[in-house]
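> If you want the building blocks of each chain, they are given just below.
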Amino acid sequence: MMKTYKITVIFISVLFWISCDTDQLEQNNPTQLSPETFFKNEAQVRASVNAVYASLQTIGSYSRNYYYMMDNMGHDNTANIQQEANKIIFLDFSFDASSELVRAFWDSEFRGVNKANFVIDNADRINEIPNSLLSQEMKDKYIGEAKFLRALYYFNLVTRFGDVPLITTIPEGGQGLPRTASEEVYAQIIADLKDASQTLLPKTEEENGRATRGAAYAFLGKVYLYQENYAEAMNAFENVYGKYALAENYFDNFKEETEHGPESIFAVEYDESMPNGAFWNSDVNGEGGNESSLRGQSYGMFDWFNAYPSDELRAEFEENDPRFDESFYTVGDTYAGGVITEISLDRPAGWRKYQNYYKRTNENLQSGINMNVIRYADVLLMMAEASNELGNQAQAIGYINEVRDRVDMPLLQNGLSQNEVFQAIVHERRVELAGEQVRFPDLVRWGLAEQELGKYGYQEGIHNFFPIPEVELNTNDSINSGDQNPGY
Amino acid sequence: MDGSIFNNLKLRGSWGTTGNDNIGDYRYSSTLLTNFIYPIGGNPVQGTTANGLGNADLKWEETEMRNIGLDVGINNNQFTLSLEYYNNKSDDLLIDRPLAYSLGYNDPVITENVGSVKTHGLEANLGYNDYDGDFTWSANLNFGTSKNEVISLGGVPSIPGANFEGEFVSRISVGEPLFYFYGYKTNGIYQTQEEIEEVLTANPDQTAVKPGDVRYVDINNDGQINSDDKVKIGNPYPDFTFGFNFNANYKNFDLNLFVNGSIGNDVFNTNIYDLEGMTRPFNAGTQVLNRWTGPGTSNSIPRALGATQNTNASDRYVEDGSYTRLRNLVIGYSFPSEFFNDTFSKFRVYLSGQNLLTLTDYSGLDPEIGRISLNNGAARDNFELGIDRGNYPQPKSVQIGLQVAF
Numbered sequence: 001m002m003k004t005y006k007i008t009v010i011f012i013s014v015l016f017w018i019s020c021d022t023d024q025l026e027q028n029n030p031t032q033l034s035p036e037t038f039f040k041n042e043a044q045v046r047a048s049v050n051a052v053y054a055s056l057q058t059i060g061s062y063s064r065n066y067y068y069m070m071d072n073m074g075h076d077n078t079a080n081i082q083q084e085a086n087k088i089i090f091l092d093f094s095f096d097a098s099s100e101l102v103r104a105f106w107d108s109e110f111r112g113v114n115k116a117n118f119v120i121d122n123a124d125r126i127n128e129i130p131n132s133l134l135s136q137e138m139k140d141k142y143i144g145e146a147k148f149l150r151a152l153y154y155f156n157l158v159t160r161f162g163d164v165p166l167i168t169t170i171p172e173g174g175q176g177l178p179r180t181a182s183e184e185v186y187a188q189i190i191a192d193l194k195d196a197s198q199t200l201l202p203k204t205e206e207e208n209g210r211a212t213r214g215a216a217y218a219f220l221g222k223v224y225l226y227q228e229n230y231a232e233a234m235n236a237f238e239n240v241y242g243k244y245a246l247a248e249n250y251f252d253n254f255k256e257e258t259e260h261g262p263e264s265i266f267a268v269e270y271d272e273s274m275p276n277g278a279f280w281n282s283d284v285n286g287e288g289g290n291e292s293s294l295r296g297q298s299y300g301m302f303d304w305f306n307a308y309p310s311d312e313l314r315a316e317f318e319e320n321d322p323r324f325d326e327s328f329y330t331v332g333d334t335y336a337g338g339v340i341t342e343i344s345l346d347r348p349a350g351w352r353k354y355q356n357y358y359k360r361t362n363e364n365l366q367s368g369i370n371m372n373v374i375r376y377a378d379v380l381l382m383m384a385e386a387s388n389e390l391g392n393q394a395q396a397i398g399y400i401n402e403v404r405d406r407v408d409m410p411l412l413q414n415g416l417s418q419n420e421v422f423q424a425i426v427h428e429r430r431v432e433l434a435g436e437q438v439r440f441p442d443l444v445r446w447g448l449a450e451q452e453l454g455k456y457g458y459q460e461g462i463h464n465f466f467p468i469p470e471v472e473l474n475t476n477d478s479i480n481s482g483d484q485n486p487g488y
Numbered sequence: 001m002d003g004s005i006f007n008n009l010k011l012r013g014s015w016g017t018t019g020n021d022n023i024g025d026y027r028y029s030s031t032l033l034t035n036f037i038y039p040i041g042g043n044p045v046q047g048t049t050a051n052g053l054g055n056a057d058l059k060w061e062e063t064e065m066r067n068i069g070l071d072v073g074i075n076n077n078q079f080t081l082s083l084e085y086y087n088n089k090s091d092d093l094l095i096d097r098p099l100a101y102s103l104g105y106n107d108p109v110i111t112e113n114v115g116s117v118k119t120h121g122l123e124a125n126l127g128y129n130d131y132d133g134d135f136t137w138s139a140n141l142n143f144g145t146s147k148n149e150v151i152s153l154g155g156v157p158s159i160p161g162a163n164f165e166g167e168f169v170s171r172i173s174v175g176e177p178l179f180y181f182y183g184y185k186t187n188g189i190y191q192t193q194e195e196i197e198e199v200l201t202a203n204p205d206q207t208a209v210k211p212g213d214v215r216y217v218d219i220n221n222d223g224q225i226n227s228d229d230k231v232k233i234g235n236p237y238p239d240f241t242f243g244f245n246f247n248a249n250y251k252n253f254d255l256n257l258f259v260n261g262s263i264g265n266d267v268f269n270t271n272i273y274d275l276e277g278m279t280r281p282f283n284a285g286t287q288v289l290n291r292w293t294g295p296g297t298s299n300s301i302p303r304a305l306g307a308t309q310n311t312n313a314s315d316r317y318v319e320d321g322s323y324t325r326l327r328n329l330v331i332g333y334s335f336p337s338e339f340f341n342d343t344f345s346k347f348r349v350y351l352s353g354q355n356l357l358t359l360t361d362y363s364g365l366d367p368e369i370g371r372i373s374l375n376n377g378a379a380r381d382n383f384e385l386g387i388d389r390g391n392y393p394q395p396k397s398v399q400i401g402l403q404v405a406f
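Order-wise, the sequence lines are chains A and B. Residue numbering for the first sequence follows the numbering used here, beginning at 1 and increasing consecutively. Residue numbering for the second sequence follows the numbering used here, beginning at 1 and increasing consecutively.
Check before you lean on any hint, since a few could be wrong.
[As the list claims (entries may be wrong)] Chain B side only, calculated, beta carbon under 8 angstroms to chain A, not exhaustive:
#1 SER30
#2 ILE40
#3 ALA50
#4 GLY104
#5 PRO160
#6 PHE168
#7 SER227
#8 THR324
[Said to hold, decoys possible] Among chain A residues calculated to face chain B with C-beta under 10 angstroms, some are:
#9 PHE110
#10 LEU157
#11 TRP446
#12 GLN459
[Said to hold, decoys possible] Anything over 10 angstroms on all C-beta distances counts as not near chain A; from chain B, calculated:
#13 ASP130
#14 VAL217
#15 THR286
#16 PHE335
#17 ASN382
None of these hints come from the bench; they were simulated from the model. Everything numeric in this text was worked out from a predicted model, so none of it was measured. Cβ coordinates follow ideal geometry from the N, Cα and C atoms, glycine included.
Work the whole structure out from these sequences, hints included.
Written out as C-alpha cells, the structure reads:
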C-alpha cells in the first residue's frame, strides 16, 4: 500500500515537472537581437539613434523625391520633357491620392518616426544602464537626438498633410491610428525640440552630421514662425544668433569640401565614398548603403537634366546679384569641363547649386553634397520676418542686410514700412534659398500660394496639403476615405 | 465480381483535419535589424532598429477536408474512371496583413490568422489502355474545377496586398474568391473636354485629366474618381484546368504527348505599365503608335505623357490568362537488338520537345505565371497569385537523345 502510494506521488510529481508554461516554448531567435535584450551599452544606444538618421536618406524623402516635389510646386523648377510623369504632376498640381511620390514621402517620414520612437520609448531601458558605463548627460543627448529627428519628421508630415496620426510610443497590436489634430502634433514637435535644445551638444562638441543644440533652437524657431508665434520664434532664434556665421563664400554651402562650414546648422549627410549599393532599393526603408544623393544627376544639365531653373525664379534676381551665377549656369560660364558654349534643348540656364560640375564634368550618378535642411542665412531671414511681424522693422532690415552684405548686394535703408520689409523678405528668401525647397511652404504659410501659383493649377484649400495616400486608407481602419483631405 | 465487366468499383469518402504552418520562422516575435547606415563624423556608422511587429497569438491554419469519390475499373482496367467531389473549409487562414503605413515599421506586414475560406471542386480522371497487337496505346484525361470563397475575415471587410507602383492590386474580401484583382473599371478614352466635365463634376478646376486620358468609371457617381471607385476587376483562379496524356507504341516506335491547360483565369499583366504607360518619352511597346492623338484617334491607348492616373491599377492590366500548352512531346525509335549483333540490350534514339506549342490570347511572355517569392514567409506570396511582374518565361526546348543499355 505504502509502495503504491509512493509511486503515485512520484508519478504525479513527474506530471507536474514535465508541464511547462508557454514562456518556455516561445523563445526568441537566439541568433538575432531582440528589443527585450537591447539597450545594454552605449554602442547599442548609439546604434538605435543612428538608425533614425538613416530614414532621411531615402528616395521617398531627401535623396530624391523631396526636392522634386517641393522645387516643382514652388516653381523654382521648370521640367524638361524627360522628367518622369509622376514628378511633373507637382508642377501643375494634378497629383492625387494614388501618387507614388506622396505615398513614399508619407511612408518614409513615418518610418523615421517609428525609429525615433524605438529610442524614446525605451528611455527606461537606456536609463538603467549604469552611469559608469554611460553618463546621464550622454543618455539624455542620445534621446535628444531622437526627439529632434522625430520633430523633423513630424514637421514634414504636419506641414504637408495637416492632421496626421500622432504616434509617440512603439505601436503595438498592429492597429492603425486616426488622424490627430495638427495643433496637438505641433505641440508634440515643440515639446520634443524644447527637450532636445536642453540635452543636445553644441556644434563645436558634436560629430558632423548629428543634431546639435543650435539645430534644435533653429528648428524650434522655425516651427513657431510657421505658427505665427513670432515672440517665441525670436526667443528660440536668439539662441542661434551669433553662434553661427554666414560662410564667406555663398557657394561654400553647396560644396562637398566646405559643407560643414560655419553656416551649416542641420543637413542630410551624403558621402559618395561610402557604400551605395542599396540606393535604388531604398525607396522608403533606408536600409543598407545609400549614402549619396541623386540631386546632381537629376537636375544636372550635363546629365539627366530633368529640371532647370524657371524663368520666374531667374527673373527674381536683381541685376549683378552674384548669387545668380552661383545658383545657375548660363552660356559663357565656366565649369570643370571649360567654358559652356551651349545648353542642351536650348534651355536658358541649368542648375549650378548642388551640382558637382565645379570639380568634374559629369555627376556620375552619385553626389556626396549634403542637402541643407536649415542653414544660418535661412535663420537670419526668419528672424527678419519675426521681427518685422513684431513691429521692429529696423531690426528686421538689419538681419536682411547681414544676408545681403555677404554677397555685397546693396543694403536696404531704414524707414521701410512693414509691408515693404515683408516684400523684401519674400524676395530675399526666394533668391537666397533658390532650389532649397522653402519657396512652396513659404507661399502657403504667407497665404500667397493661390496668387503666385494659381496660374499653374494650385487651388487654395486643396493643394496646401497633399492627399492622404490611398494605401494608408487601405491599411488603416481608423482613417477612411471620408477622412481624406478636401478635394482629393 | 466474377462475370461483371467491373474489375473495380469503389465508392469512397473521407473527412479529416490538417494543419498548415507555412509561414516564416519566429513570426511571433519582433526582431532587430542592424542594417541602417548613415555618415557621421566622416564614417559610415551602423544603426539598429526594430524590424517589425511580432504576433504572439499566431497558430496553425486548420483545414477541414471532406470528399466523396467514385473509382471505376472496367475490363481489367482497360477503362478507368475516377470522380471526386471535395468541399474543404479552412479556418484561421495565415495571411501577412499589411500594417498601416503610418505605423512606420520596417517590415510593413503582420502575420495573422484571419478568417475562413471555403473551397469546393470536382476532379475527374478518365483513362483508356489498349495493350493488344502491334499498336498499343493509352490515354489519360484529367479535369478539375475549384471554386473558393472567403466566408469571414474576423470583422474586417477586406485585406489588401500585392503592392504595384504604390497601389494594392489584389485583395481578399468576404464573399469573393481569394486574392482577386482590384482596381478601376475603364470605359475608353476621353475624347473631348466636354466628356471630362460631364464625369468629373466634383472639381471642375481639376488639372489632371485632359482629353486623351483614360476614362475611369465613377462607380459611386460622386463626380470624382478616387479609391472608392475601385472594384473587382479579375479573378486569378481558373474555371477549370485539364491535362491530357497520350502514350503509343507501334512496333519499334514510341510516342508520348502531354498537353495541359487552364481556362478562365485572369492575369494582372504589370508589363502593360512599361509597354503602354508612356510615363516618359522613350522605351514603350509598338502598340503606343496607335495611341490617342486627337478626338476619335483611339479609344484604348491614351495620349503620351498623359495624366499619371492613366497608369493606375485598372482593367487595362487584366487579361484572360487561359492557355493550352503542348508541354511535352517525345518520339522514339528502338533499334532491334540484332541490328547491332546483340551488343546492346536497348538502343533507342528519340526526339523530345518541351513547350513547343502554346495556344493563348495572353499578350505577355508566358501565360503560366510562376510566383515571385518576395519574402521568406510563404503566406506573403499568396497575394501575388496571377500577377505577372515580368516573370521569366518557360523555355521552348528540343532535344535529340540516345538511350543505350548493355
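> Does each hint fit the structure? Answer for all of them.
Structure-based check of each hint:
This hint holds: SER30(B) has a C-beta 6 angstroms from the nearest C-beta of chain A, less than the 8 angstroms allowed. Because the closest C-beta pair between ILE40(B) and chain A is about 4 angstroms apart, less than 8 angstroms, the hint holds. Here the hint on ALA50(B) is kept, as its CB sits about 5 angstroms from the closest CB of chain A, short of 8 angstroms. Because the closest C-beta pair between GLY104(B) and chain A is about 3 angstroms apart, less than 8 angstroms, the hint holds.
A least Cβ separation of about 5 angstroms between PRO160(B) and chain A falls short of the 8 angstroms threshold, and the interface hint therefore holds. Restraint check, PHE168(B) versus chain A: the minimum CB separation of about 5 angstroms is within 8 angstroms; hint holds. Hint on SER227(B) holds. Least Cβ distance to chain A is approximately 5 angstroms, under the 8 angstroms limit. With its C-beta approaching chain A no nearer than about 37 angstroms, THR324(B) sits outside the 8 angstroms limit, and its interface hint is violated.
Look at PHE110(A): its Cβ gets to within about 4 angstroms of chain B, closer than 10 angstroms, so that hint holds up. At a threshold of 10 angstroms, the smallest CB-CB gap from LEU157(A) to chain B is about 9 angstroms, leaving the interface hint in force. The beta carbon of TRP446(A) comes no nearer than 22 angstroms to any beta carbon in chain B, farther than 10 angstroms, and the hint placing it at the interface is violated. About 6 angstroms separates the beta-carbon of GLN459(A) from the nearest beta-carbon of chain B, less than 10 angstroms, and the hint is met.
At the 10 angstroms boundary, the C-beta of ASP130(B) stays outside the reach of chain A, the nearest C-beta of that chain being 58 angstroms off. Distance to chain A confirms VAL217(B) as a non-interface residue, since its nearest Cβ pair spans about 16 angstroms, more than 10 angstroms. With a minimum CB-CB distance of about 20 angstroms to chain A, THR286(B) clears the 10 angstroms threshold, and the non-interface call stands. With a cut of 10 angstroms on Cβ distances, PHE335(B) stays outside the contact zone with chain A, its closest approach being about 57 angstroms.
Against chain A, the non-interface label of ASN382(B) holds: every CB pair exceeds 10 angstroms, the least being about 17 angstroms.
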